Amino acid sequence: MFGSINTSMILAILPEIMLFILAGFVFVFDLVWDDSQRRNLGWISAGGFSLIIMISLMLGTPGSDSGLVWGGMLRHDWLGFAFKMLFLFGATITALFAMDVEDLGKKGEFYLLLIFSTLGMTLMASSSNLIMLYLSIEATSLPLYILAGFFKDDDKSTEAGFKYFLFGAMASAIMLYGFSLLYGFSGTTDLDAIAGVIKAGGMNPVLLVGTLLMILVGFGFKISAVPFHFWAPDVYEGAPTVVAGFLSTASKAAGFTVLIRVLLTSYAPASDTWMMVLAIISTLTMTLGNTLALAQKNIKRLLAYSSIAHAGYILIGVVAISELGITGSIFYIIVYLITNLAAFGIVSVVGRITGSDEISAYDGLSRRSPWLGLAMLVVFLSLAGMPPFGGFIVKVLVLASAVKAKLFWLAFVGILNSIIGLYYYLIVLKHVYLYRSENEQVEIPVTRPYAIGLIVLTIGIILLGVVISPWFNVSTIAAKVLF
Amino acid sequence: MTGMDSLFLIFAVITLISAFLVVTTKNLFHAALWLIMTLFGVAAIYVLLNAFYLAVIQVIVYIGAIAILMIFAIMLTQRVMNPSGRIFNKNWIIAALLGAFMFIGLVIISMQTGASKTTLPQISGQLDTVSELGQALVSPNAYVIPFEVASVLLLAALIGAIFVSRKR
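Here the protein sequences come in this chain order: A and B. Residues 1 to 483 in our numbering are what the first sequence lists, from first letter to last. Residues 1 to 168 in our numbering are what the second sequence lists, from first letter to last.
Mixed in with the good hints there might be a few duds.
Stated by the list, open to error - Derived DMTMM-like pairs: lysine to aspartate or glutamate, alpha-carbon spacing no greater than 25 Å straight-line:
| no. | chain 1 | residue 1 | chain 2 | residue 2 |
| --- | --- | --- | --- | --- |
| 1 | A | Lys480 | A | Asp192 |
| 2 | A | Lys152 | A | Glu438 |
| 3 | B | Lys167 | A | Asp35 |
| 4 | B | Lys167 | A | Glu358 |
| 5 | B | Lys167 | A | Glu102 |
| 6 | B | Lys167 | A | Glu159 |
| 7 | A | Lys107 | A | Asp154 |
| 8 | A | Lys152 | A | Asp192 |
| 9 | B | Lys167 | A | Asp192 |
As the list claims (entries may be wrong) - Sample of chain A residues facing chain B (criterion: CB under 10 Å; computed from the structure):
| no. | residue |
| --- | --- |
| 10 | Ile55 |
| 11 | Gly120 |
| 12 | Asn129 |
| 13 | Tyr134 |
| 14 | Ile146 |
| 15 | Gly149 |
| 16 | Lys152 |
| 17 | Glu159 |
| 18 | Gly161 |
| 19 | Phe185 |
| 20 | Tyr423 |
| 21 | Ile455 |
If you're looking for bench data, these hints aren't it; they were derived computationally from the structure. Note that the structure is predicted; figures quoted are calculated from it, not measured. Cβ atoms here follow ideal geometry from the backbone N, Cα and C, with glycine treated the same way.
All chains should be built: construct the whole structure from the sequences, respecting the hints.
Below, the structure is given as structure tokens:
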């Protein structure tokens, strides 16, 4: 029963293998270096992540076959591969942003946990078996629980970590129960084989909906969709800002990958059943996220509610169940990851100097640091969905897919929500550009890692909105895998 | 009723009664002891299902390690040893109804569709499941990746636990 390992199997898990080697490097240097040198662990991690992206792009691109490897545990296809690169990019930026954070940038544990979490995400993106899926979700979440509570002396951070852990454990338990019922009644853990059983009518409809809802609890928690969103504002507010950025982007993107893959492979024969459920979740998520964001005074809480709302927009593309819809969703996730990472990066820079995350701390930011103000303008306009930034084109895509699927009401709700969103994003920009503050002479220094990260992200946001075709093509290739 | 059936019935009743006592006993220490009893019952049911290895693991891991750890934690916590306060909050009726609903629903669905109809993967031999399991865990065509990921997960948990519990 022993099969042999061939090159294609190794290439399929190339990023994971290299991530593990990177973890080994960080581990050793953390031991060898003293405290004054440990900041360089950030350079090692960020450099390592980007090196992994480059090597994977050169060697590890998936072929045209089905890509099932390692006994059907993993699927080496473009959907997984594109997301793997996205997570690695997110981790690169997060490592850069973490370097100059006090009590965090000089700790080897932070980078190790970041690497392990990223490793879990890359496996989530390519899992094609329930066992693999569950293990990779846990391997992603467990380091994140600790990262959210990384400031042990800070009550808010500890609360954030603990809250995230309790919510996550509960959601994960319900999801696991759903998995076990699914396995028990279909007799297989393979995602494609489950689809076969459902297609043949081998599942009781009540059971089908039941397991679907249970699994959606777990995925909904990861993407912070209503009604599983309660953790998000408190955790984002309390967690270290860089960790909140990572949670709201890479972790959420990972949740979307498994959601898209499980719904469109295993539950594809029952798409009529889940389409309505997901449409309602999408509507609630957009509306609640946007309306609650209006009242926020704290920028991290505002971004948390905005990130909830964006999960709703991304779900529109999934609900459309078409190649265009999934393409739109994937493209949206790419743009959202880059934009929101930049948003949390700026919050981290400003928070370090002003020591406050209130929106009023941003008064006169454009005078204190014009470049930071400009980056903020680009980021918030992109989040609001303004041309020529990335946020515009992806909103058009998901809304177009809803119209094409004859879901006019959903497209209407989406447009209405974009208008509400525009209002609170512009209010933040009003603080940045129009309000004055008494310490306008105090500059806000941007250290080198922050500068590199923010420049890359800001250019990225503009490139995503102006040069559309390469990103659109990648998303289309990834979406084609499912149809 | 065959001998197997009556054995199953006995162990099922033992498991259920002790599981019920786990959540209704006021003394946490007694609850932990009842939990051990429940886990033993489950192990016995595994034996009836010919899953000897699983039964042994159940005893070693759950009873040998987890339950003992729980008892240690309880004994080290003074306040818990002298219980006070109620063990149910006001939501217990809803929770009980939900549980009963879930149970009845699953029973009805099982009887309708027949969970036994699904073909189980054939395993050879009577007592050789251990070596087959071992091979499956490291075979590239089976579970080697999940097996390795579990070790990465545990390593991450280890680092996290040390970080959280370490004093400055």
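So, going through the hints one by one against the coordinates:
As the CA atoms of A/Lys480 and A/Asp192 are separated by approximately 16 Å, the hinted pair is consistent with the 25 Å bound. The suggested pairing of A/Lys152 with A/Glu438 is violated, with an alpha-carbon distance near 33 Å, which exceeds 25 Å. At roughly 17 Å between alpha-carbon atoms, B/Lys167 and A/Asp35 fall within 25 Å of each other, so this suggested pair holds. Between B/Lys167 and A/Glu358, the direct Cα distance comes to roughly 31 Å. Violation of the 25 Å bound is thereby established for this hinted pair.
Distance hint between B/Lys167 and A/Glu102 is fulfilled; the C-alpha atoms sit about 18 Å from each other, no more than 25 Å. Our distance criterion of 25 Å between C-alpha atoms is met by B/Lys167 and A/Glu159, whose separation comes to about 18 Å. Distance restraint check for A/Lys107 and A/Asp154: the Cα-Cα separation of roughly 16 Å lies within the 25 Å cut-off, and the hinted pair is therefore satisfied. Taken as a hint, the A/Lys152 and A/Asp192 pair is broken in the structure, with Cα atoms around 44 Å apart against an allowance of 25 Å.
Taking the CA atoms of B/Lys167 and A/Asp192, the gap is about 48 Å. The hint is violated against a cut of 25 Å. Because the smallest distance between the Cβ of A/Ile55 and any Cβ of chain B comes to about 20 Å, over 10 Å, the interface hint for this residue is violated. At about 8 Å, the closest approach between the beta carbon of A/Gly120 and any beta carbon in chain B falls short of 10 Å, and the interface hint on this residue holds. Among the interface hints, the one on A/Asn129 holds; its C-beta lies about 8 Å from the nearest C-beta in chain B, closer than the 10 Å criterion.
Satisfaction of the interface hint for A/Tyr134 is found here, the shortest Cβ-Cβ separation to chain B being roughly 9 Å, below the 10 Å cut-off. With its C-beta approaching chain B no nearer than about 4 Å, A/Ile146 sits inside the 10 Å limit, and its interface hint holds. Because the closest C-beta pair between A/Gly149 and chain B is about 7 Å apart, less than 10 Å, the hint holds. With a least beta-carbon distance of about 7 Å to chain B, the hint placing A/Lys152 at the interface is held under the 10 Å criterion.
Taking 10 Å as the C-beta cut-off, the interface hint given for A/Glu159 is violated, the closest approach to chain B being about 14 Å. Taking 10 Å as the C-beta contact cut-off toward chain B, the hint placing A/Gly161 at the interface holds, the least distance being around 8 Å. Interface restraint check for A/Phe185: the shortest CB-CB distance to chain B comes to about 6 Å, inside 10 Å, so the restraint holds. Annotation: A/Tyr423 was flagged as interfacial toward chain B, and the flag is violated, the nearest CB pair being 39 Å apart, outside 10 Å.
Checking A/Ile455 against chain B by beta carbon gives a least distance of about 32 Å; that is not within 10 Å, so the hint is violated.
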